Amino acid sequence: KAVVSTQSTGNLRMTEPISTEQVGVSLKEGEQPPKTKAQLKAERRAIQEAQRAAKQKLKEQQAQGGGAGKQKQPPTGAKPAATKSAAIATKPSAKGKPADVSKPTTKQPDKQPDSCGSGRVEILSHLKLYDRNIPPTQALSYTSSKIHPAFVKLGVQMARDIIVGSNARCAALICAVKTFIEDYNCPKTKEIRSHLNIALKPCFSYLAQCRMMSVSMENFIKHIKLQITKTSPDLSDNEAKEELLFECENFFKENIYLAGKSISEKAVARIVNGDMILIYKKSQLILHILLEAKRQRKQFKVMVVDSRPDLTGVASCERLTAAGIPCSYVYINSCTYIMKKVTKVLLASDALLANGYVLGPVGTAMIGLIASNYNTPVIVCCETYKFSERVQTDSILYNELADPDSMLKTLNADDSLVAGWRESPNTRLVNLVYDTTPPALVSIVITEIAELPCTSAPVVLRRGAVKL
Amino acid sequence: AVVSTQSTGELSRQLKATAGTSTTSVVSGCDLFVRFITLSRGQKGPSSDVDILECKGFDPVRKFLVERGNLFMNRLKDSRRKIAQLAYPFITDGVTVLTVNISRVVLEILTKAHEKSKKFNVLVTQSEEGPYMVNQLNGRGIQATQILDASIGFVMERVSFVLVGAVGVVENGGLINKLGTYPVAVMARSLNKPFYVAVESFKFYRNYPLSQLDLPNDDKYQDPQQKGHPEVDFTPPKYINKLFSDLGVLTPSAVSDELIKLYI
Numbered sequence: 033k034a035v036v037s038t039q040s041t042g043n044l045r046m047t048e049p050i051s052t053e054q055v056g057v058s059l060k061e062g063e064q065p066p067k068t069k070a071q072l073k074a075e076r077r078a079i080q081e082a083q084r085a086a087k088q089k090l091k092e093q094q095a096q097g098g099g100a101g102k103q104k105q106p107p108t109g110a111k112p113a114a115t116k117s118a119a120i121a122t123k124p125s126a127k128g129k130p131a132d133v134s135k136p137t138t139k140q141p142d143k144q145p146d147s148c149g150s151g152r153v154e155i156l157s158h159l160k161l162y163d164r165n166i167p168p169t170q171a172l173s174y175t176s177s178k179i180h181p182a183f184v185k186l187g188v189q190m191a192r193d194i195i196v197g198s199n200a201r202c203a204a205l206i207c208a209v210k211t212f213i214e215d216y217n218c219p220k221t222k223e224i225r226s227h228l229n230i231a232l233k234p235c236f237s238y239l240a241q242c243r244m245m246s247v248s249m250e251n252f253i254k255h256i257k258l259q260i261t262k263t264s265p266d267l268s269d270n271e272a273k274e275e276l277l278f279e280c281e282n283f284f285k286e287n288i289y290l291a292g293k294s295i296s297e298k299a300v301a302r303i304v305n306g307d308m309i310l311i312y313k314k315s316q317l318i319l320h321i322l323l324e325a326k327r328q329r330k331q332f333k334v335m336v337v338d339s340r341p342d343l344t345g346v347a348s349c350e351r352l353t354a355a356g357i358p359c360s361y362v363y364i365n366s367c368t369y370i371m372k373k374v375t376k377v378l379l380a381s382d383a384l385l386a387n388g389y390v391l392g393p394v395g396t397a398m399i400g401l402i403a404s405n406y407n408t409p410v411i412v413c414c415e416t417y418k419f420s421e422r423v424q425t426d427s428i429l430y431n432e433l434a435d436p437d438s439m440l441k442t443l444n445a446d447d448s449l450v451a452g453w454r455e456s457p458n459t460r461l462v463n464l465v466y467d468t469t470p471p472a473l474v475s476i477v478i479t480e481i482a483e484l485p486c487t488s489a490p491v492v493l494r495r496g497a498v499k500l
Numbered sequence: 364a365v366v367s368t369q370s371t372g373e374l375s376r377q378l379k380a381t382a383g384t385s386t387t388s389v390v391s392g393c394d395l396f397v398r399f400i401t402l403s404r405g406q407k408g409p410s411s412d413v414d415i416l417e418c419k420g421f422d423p424v425r426k427f428l429v430e431r432g433n434l435f436m437n438r439l440k441d442s443r444r445k446i447a448q449l450a451y452p453f454i455t456d457g458v459t460v461l462t463v464n465i466s467r468v469v470l471e472i473l474t475k476a477h478e479k480s481k482k483f484n485v486l487v488t489q490s491e492e493g494p495y496m497v498n499q500l501n502g503r504g505i506q507a508t509q510i511l512d513a514s515i516g517f518v519m520e521r522v523s524f525v526l527v528g529a530v531g532v533v534e535n536g537g538l539i540n541k542l543g544t545y546p547v548a549v550m551a552r553s554l555n556k557p558f559y560v561a562v563e564s565f566k567f568y569r570n571y572p573l574s575q576l577d578l579p580n581d582d583k584y585q586d587p588q589q590k591g592h593p594e595v596d597f598t599p600p601k602y603i604n605k606l607f608s609d610l611g612v613l614t615p616s617a618v619s620d621e622l623i624k625l626y627i
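Taken in order, these protein sequences are the chains called X and D. If you count by my numbering, then the first sequence holds residues 33 to 500, one letter each, in order. If you count by my numbering, then the second sequence holds residues 364 to 627, one letter each, in order.
If a hint is listed, it holds; no wrong ones were tucked in.
Label-pair restraints from in silico Cβ distances: (1) D:614 / X:366: 32 to 42 Å; (2) D:612 / X:494: 18 to 28 Å; (3) X:73 / D:449: 51 to 61 Å.
In silico DSSO-like pairs for lysine-lysine, Cα to Cα no more than 27 Å straight-line: (4) X:298 / D:624; (5) X:285 / D:624; (6) X:210 / X:293; (7) X:254 / D:624; (8) X:185 / X:160; (9) X:185 / X:233; (10) X:178 / X:160; (11) D:556 / D:481; (12) D:475 / D:445; (13) X:233 / X:210; (14) X:373 / D:601; (15) X:298 / D:601; (16) X:333 / X:372; (17) D:601 / X:372; (18) D:601 / D:624; (19) D:624 / X:293; (20) X:372 / X:330.
These are calculated hints, taken from the structure and not from any lab test. Keep in mind the model is a prediction, meaning the values are calculated, not measured. Ideal placement from N, C-alpha and C gives every residue a C-beta, glycine not left out.
Please model the entire structure based on the sequences and the hints provided.
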């Protein structure tokens, strides 16, 4: 689902039938006949065209005044919302954009750079970029907030990258939901199975505002919402709450804890003595597998591939060497160089999509591609609760933007050459979180129920639906 | 449970021991047979309306198991005929079919096509039992030629498609077949010739090899000391276009679907 921007909310309003009451403002004033929808649209379009013409004139004047040079069209976010919210705005504005790009225009440098507005790449403009300077709790009032403190805390932890990793985030969400249910008191006039969902809704939307929800979290929310609506009305409130608490715990136990154990059993069976296993960054599940293999006295080496900006591979390396597993550490740039020595690639994933594509931390697809070039088997480990019904073939449609400023930190110095990137009209910094790996590059997906080829994801989804 | 898991394991072991070899087709067939006769929850007893799990005494259960067993055997015997029925339309007039070594399923398909008066010719690689296959085909009036394994590069441009049998089909749709199948598959892919596999569904095997070495050693070598050449090789699914089975005409990715239905 694309993030709803100010543009489309404007359009939404226009499609609603316009009643005489809405038109009535002009009627009372001037006793004009009620206008049809088409007439109103035409009027609005005329106003919009006039505004655009005036703006264009202003730009041309300034272009003549200042030095002319072919500059990029100002990014979408910088355009004021008013011009966009006119009816059928998409058609004229879409035509306007490519035409304008061809003309040489100077872009007015923004006096106060909007930290979210300028510096956006157009193709990714549908993705939300969170302003890191504003604390996530700013919008919350101190008293009478509908959001439980456990969720407030969780939101901040997610936004500040204190809790990372799909399993960890889901587990933290489960804890928060459990705390909520424990503290929840159903009003006397309402039933728990309808009211609890309503009570949880603002908490979940607050979380989504702090940081985009991972697929693991979304699937848990879907599950728990269903369980809430399924609670029997015959149960007392306390009994219903106990049942729901059990559901939460059971979800964690079955889908995260036991699934992890089952997957590591199957994955460890694939590790043989003399293997050189490549892992990417840090994943709780993969580390678990490797430590388990070591416990079973397998002789193998690990190649840890890491990438900026978060450099979580360092922590991976630390844990593996502490367990006595020989490790090498490289940046992703040298992936092609080391790949010929690698016998297996072991990857974790954030989600498995319905068309078999693997959603993983950005860089996974690159590793998959290089590995397939050397005919190295790529083993992806994914719990079934992370299977998503979403379908996408590229990494742009659904993704997350992380903090672009974190890319500025280099190993040598904090003072970076592109530190002033927000002021510069030609520089954009993009820090993507996920990427998708096509099924042709993945040899096998290990889940707790079976070892599957990537293309069997919809089979598991189908069976999951039947089980519920 | 009517039949405990220990006894099914024992039954499997005995079946495999009796068979004498432990090739994948025997292993998978035995596993499926045992599952078929035992996992019949909700099935009615032989001559009563009582659910089989609630029958008292072992005799009705024994009868039931035997009946299920017979049903399984009949399905098995019929599978080759079903496959021939599905596959023969793919053989049109004037085609040249390449096949590897011997396969009774392929023989049945080609015979059926011949009965329907299609004009085609067959090339059979020599391998171990190629001459036997050629004799069988010639005996049924089908024009068949023996070719050397080394000459598949030479003949591939004249071939319309490749049709082979199977010793086993694994979870990702990959093929385990007599030694020499993999090079033929790679050759066919390289020259864009379709590669078809004719396989009965009982040969769908719960294994997921990622390389030639991943195949269990028992399947590869007859000699326990593993001297000499392996019996079979593994063809990855990307070289296979279609599989003709008694469950229908499948793509390699559908095999996993079928296996999940059978086993999970």
